[in-house]
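S.K.: Now for the letters of each chain:
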Amino acid sequence: VKEEVKMEEKIILLVEDNPDDVELTIRALKKNNILNKMIVAKDGVEALDYLFGTGVHAERNVKELPIVILLDLKLPKIDGLEVLKRIRQNELTRLLPVVILTSSAEEKDKINGYKLGANSYVCKPVDFAQFTEAIKALGLYWLIWNEPAPIAK
Amino acid sequence: MPSKVFLPSLPAARLKIVIIGLVLFLIFSGMTILLSYRHYQQTKVQSIKEDQAVSNLISLVTEQNIQKLVKTMESYSNRPLLIQAVQERNVEKVKIHLANLIKNDPDTDILVMSDPAGTLWASYPERPEVMGKNLAYREWYQGISKEWKTYVSDAVLRIVAEKDVAFQIAVPVKDEAGNVLGIMVSTQRVIGFREMLQRLNFDPGTFANITDRIGNLVYSSRFAYDKQITPYPFYFAKEKAITAKNSTVPIKDAYLEGRTRYLTYAPVTGIGWSVFVGRDSRTILMSGLTYYIQTAAIALLLFVVSTGSLFYFRKRVLAQQLQEQLQAEITLRQSEESERETRDYLDKLIGYANAPIIVWDPRFIITRFNHAFEDLTGLKAEEVLGKEIDLLFPGDRREECLGHIRQTTGGERWEVIEIPILHRDGSVRTVLWNSATIFSPDGKRAVATIAQGQDITDRKRVEEAQVRLVAMLDATPGFVGYADARDTHILYINTAGRKMVGVQEQEDVTQLNIADVHPDWTNKLFRDEIIPTAIRDGLWTGECAFLNRDGHEIPVMMALLAHKLPSGEVERFSTVSIDITDRRRAEEQIHRQGRLLAAINSVFYETLTADSEAAVAKACLKVAQEITDSKFGFIGEITPEGLFTTTALSDPGWEACRIPETQANVLIKDMVIRGIWGQVILKEQSLIVNDPVSYPDRVGIPEGHPPLTSFLGVPLKDQGKVIGMISMGNRVSGYTADQQEDMEALSVAFVEAIRRKKAEEEIKKLNTELEQRVLDRTAQLSASNKELEAFSYSVSHDLRAPLRSIDGFSQALLEEYQDKPLDATGKTFLDRVRKATQRMGLLIDDMLKLSRITQAAMKKEAFDLSGMIRELTEAHQKINPDRVVDVTVQEGVTVQGDPYLLKIAMDNLLGNAFKFTGKEAHPRIGFGATVGDGETTCFIRDNGAGFDMAYVNKLFGAFQRLHTADEFLGTGIGLATVQRVIHRHGGRIWAEGKVGKGATFYFTIA
Chain G
101 VKEEVKMEEK IILLVEDNPD DVELTIRALK KNNILNKMIV AKDGVEALDY LFGTGVHAER
161 NVKELPIVIL LDLKLPKIDG LEVLKRIRQN ELTRLLPVVI LTSSAEEKDK INGYKLGANS
221 YVCKPVDFAQ FTEAIKALGL YWLIWNEPAP IAK
Chain W
137 MPSKVFLPSL PAARLKIVII GLVLFLIFSG MTILLSYRHY QQTKVQSIKE DQAVSNLISL
197 VTEQNIQKLV KTMESYSNRP LLIQAVQERN VEKVKIHLAN LIKNDPDTDI LVMSDPAGTL
257 WASYPERPEV MGKNLAYREW YQGISKEWKT YVSDAVLRIV AEKDVAFQIA VPVKDEAGNV
317 LGIMVSTQRV IGFREMLQRL NFDPGTFANI TDRIGNLVYS SRFAYDKQIT PYPFYFAKEK
377 AITAKNSTVP IKDAYLEGRT RYLTYAPVTG IGWSVFVGRD SRTILMSGLT YYIQTAAIAL
437 LLFVVSTGSL FYFRKRVLAQ QLQEQLQAEI TLRQSEESER ETRDYLDKLI GYANAPIIVW
497 DPRFIITRFN HAFEDLTGLK AEEVLGKEID LLFPGDRREE CLGHIRQTTG GERWEVIEIP
557 ILHRDGSVRT VLWNSATIFS PDGKRAVATI AQGQDITDRK RVEEAQVRLV AMLDATPGFV
617 GYADARDTHI LYINTAGRKM VGVQEQEDVT QLNIADVHPD WTNKLFRDEI IPTAIRDGLW
677 TGECAFLNRD GHEIPVMMAL LAHKLPSGEV ERFSTVSIDI TDRRRAEEQI HRQGRLLAAI
737 NSVFYETLTA DSEAAVAKAC LKVAQEITDS KFGFIGEITP EGLFTTTALS DPGWEACRIP
797 ETQANVLIKD MVIRGIWGQV ILKEQSLIVN DPVSYPDRVG IPEGHPPLTS FLGVPLKDQG
857 KVIGMISMGN RVSGYTADQQ EDMEALSVAF VEAIRRKKAE EEIKKLNTEL EQRVLDRTAQ
917 LSASNKELEA FSYSVSHDLR APLRSIDGFS QALLEEYQDK PLDATGKTFL DRVRKATQRM
977 GLLIDDMLKL SRITQAAMKK EAFDLSGMIR ELTEAHQKIN PDRVVDVTVQ EGVTVQGDPY
1037 LLKIAMDNLL GNAFKFTGKE AHPRIGFGAT VGDGETTCFI RDNGAGFDMA YVNKLFGAFQ
1097 RLHTADEFLG TGIGLATVQR VIHRHGGRIW AEGKVGKGAT FYFTIA
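Which chain is which? The protein sequence lines are G and W, in order.
The numbering used here puts the first residue of the first sequence at 101, with every later residue one more than the last.
The numbering used here puts the first residue of the second sequence at 137, with every later residue one more than the last.
Here chain G stands alone, though its shape is the one from the complex (with noise of 0.2 Å):
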């Protein structure tokens, strides 16, 4: 329970436009007991706005950071390589763990996605089975296992 509680304090930033991707990884989560407060952005710009406190999330506190960042690639508007250029452009937001999480297994997007700073890439498998392993082992490792960066306060 002590460690759930700890976990709640973690956010995942989910950056994801496929609403049934959003659902099935969800679940996945819970199927694995990671409880985590969850934000969703449906596309970069969404995303964006979240990080840096501005548009819609204008009134947000941009200290509170995510512990991750699980980025899907193909987004309206600004795709998901977009955002992660500028979120390693950002001194706020420039040591964040990013987790590429995406359909494509194309190796020009994941050149891409580690030139520009991507912490890990991971190709989401059509198997429900294995995406929800893929998600617990996610979880677990960046969640539990993985030490964030100390944030300058």
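No false leads were slipped in.
Facing chain G, a subset of chain W residues (Cβ under 7 Å, in silico):
(1) 939
(2) 947
(3) 1098
The list that follows gives simulated cross-link-like pairs (lysine-lysine, DSSO-like), each with its CA atoms no further than 30 Å apart:
(4) W:971 to G:130
(5) W:956 to G:236
(6) G:215 to W:922
(7) G:210 to W:922
(8) W:922 to G:208
(9) W:1090 to G:185
Just so you know, these hints were derived from the structure itself, not from any lab.
Where a beta carbon is used, it is the ideal one built from N, C-alpha and C, also for glycine.
Add chain W to chain G, keeping to what the hints say.
M.R.: Below, chain W without anything else, positioned relative to chain G:
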């Protein structure tokens, strides 16, 4: 009398002149030497005399001087008061006397008084240190003590002060009885002498010396003497002089490099001293130097003048002599006695003459025959003397010559008459003769005739050569002539020259001037260049021209020479000129060919850059016009219908055209082949018409055509077949075979250029088509590639998503509802599975559509786009019956395109418009078209969700979406499909929009 006397010029005579010259020279030099020597002697004697006078004078002056002192001293010594004072030995009183005495002579240094034994006891000025000294050993004491008479001493050195040379005068002081009471001694310095003698001006090298009795110097103007006792080195001369009884003696002067010196001695009477005046022999010689030089110069001048006159008068004298002698001989001839003498004389005279001289008697027997005549005939005098004169004449002219001879006997004188003389070797010499016949004193009978000749054979030869030269000049094919330089009137023109300028064979050319045989332009050249150059350089060469009387010019290469007199004045101009008409013609030919080649070259060069067949034809026309000096021209082709179409009309032709160009352009196409120009095509040969007005086939000039004064037409042939023609017009002087030839040559180049252009245009057309096809194909390929790329990307990404949904929610169903009936959540799961399935189906449909559009064959036809839009909106309206959309369609918009493809595109655009206005309360959709810039721009507009212009570049990409599936459903393929269709029609598509304010899609269909 011979008219000219020839002087003998034998070597003996010359030798004589030389000897005379030599003798003269010797005489003059002897005279010079003698005069100089005499002058030297005189100078010497004079000098010696002068020296003697001087020495005597010095001696006298010295003596007088000393005597004066002596007398003064003696007068003092006889003064009773002094005598008394001496007797009393009163020093003070004596001193008073001495003091008085010393005033008499400034040279007196000191006066002393001694007793008879020579002991000093008084002096003035006072010298206490010498008082009481006995000076009996001194020379003055010994001198005076001998007879107790006044004594002048030899030279001594002063004992006090400067210790210079001085002498002493000792005077006895006696009482009345004659007893010696004392001696008064004066010491005299010799300064007085020196000053006196220095006043005498001696010749340079002359010195005066005074010695005492023993030969020591008292004074010398030569030697240093005054600080010590110096013996005079030439004192021995005194003895010599006395012995020789001649006061002057020559001695060798060791001090003067042993030169002779003339020393003159004179005794100073009463004292025993001597005076010597010495003179250097060289100074005597030198003093006469100017004289010697003058003498020598005068002698030389005399020599030159006399020898010059000698030579000058030589000929005259000799000639005169000869004449006189000749006269004398003739005179002598009259006397029998002197005849032989005269004959000898005459023989010599005649013999030595340079001109051939002959004398014959009244019987024509040769009596004289000189050396010159021997040279002339090659006969010896002894061979002809006494023989008849006719042997001298050439056989064929003997009678003629003898006729001349006979006339002389009658008293006729020959004056430069030409009589030939036969040489021994058979040659004939031409000789000019002068003669004189001598008559007996009574004047009745001819005694002899003397004739003197002048061999002019050589001169004659020169004259003949001149005649030949003139003949040659006359036969020279070029123009040869000369003219007087003063007024440039012509003196001579050779035959060819006369023909050149059209002057008759017999005509007197001296009536003509240089200007009469030249055209005006060359006369200017003559004035400005030719004559000044010839006068300056002696020669001018260059191209010039003569003017024939018939008016035509003959171009020539001319050489003009200026002949100058020795004075520098130009006497004549002569010219040699060669007709260069042929050369000119050849040059012109070459020039023409060069021009033609350049023209052909320029045709090919200019037509290279020409962009049409008409431009090529125009370039050809321009070249043809230039080369033929034509005003205008045209090029045309025969049409397949057998008519004539003008390809190009020259610019000057257009300028001269008097009707509007558009109208003329119609007239010059498809013309009936006829008229003058038509003959060129019909007869298939070139044609020149220089008087078109009277040409039989003329049909008159067409409307707008400028007046025609001359015409040249040349057919254009391709492989022997006439394909057209080129025509030139209005060459000022008309056309000749030259222009025709040029044009025929050029026509080949024209045909070639036009043919090449045609072929080029054909190739260009093919190339353009090919290029367009390649472009089209490349565009298609690149589009397919892009779509293929998008397709595969989409397969990996977009097609997976629905599958994952299907799998995911199916799994959820299995897990959640294994043993219970489906509730709302379960239904949602199933709903999601269905939606994902549908979505996938949609994706697959769209992909297929896109790929079909890319590959579908396209046809183009005009159709009513407005109608199509209307049908499609109605269909959409039917699908969404619950929606009320305000649709406005502009009627009458027709386009050229593929109706099937455009229908897909329009359906997509309208579908989008319906879709994005779905959340609008009053949805409006409009279609319209605007025309501008030559193209029609259509648009479809809505007032729906719109989009952010920031993402406009993503709008037409395949599988790109600006909206999430939550907002609007879509595959992201629709606009890609629309763009593909428009692009395939060669059109453009773009969009404008604003979030919440609707969007407008513009497109063009080319």
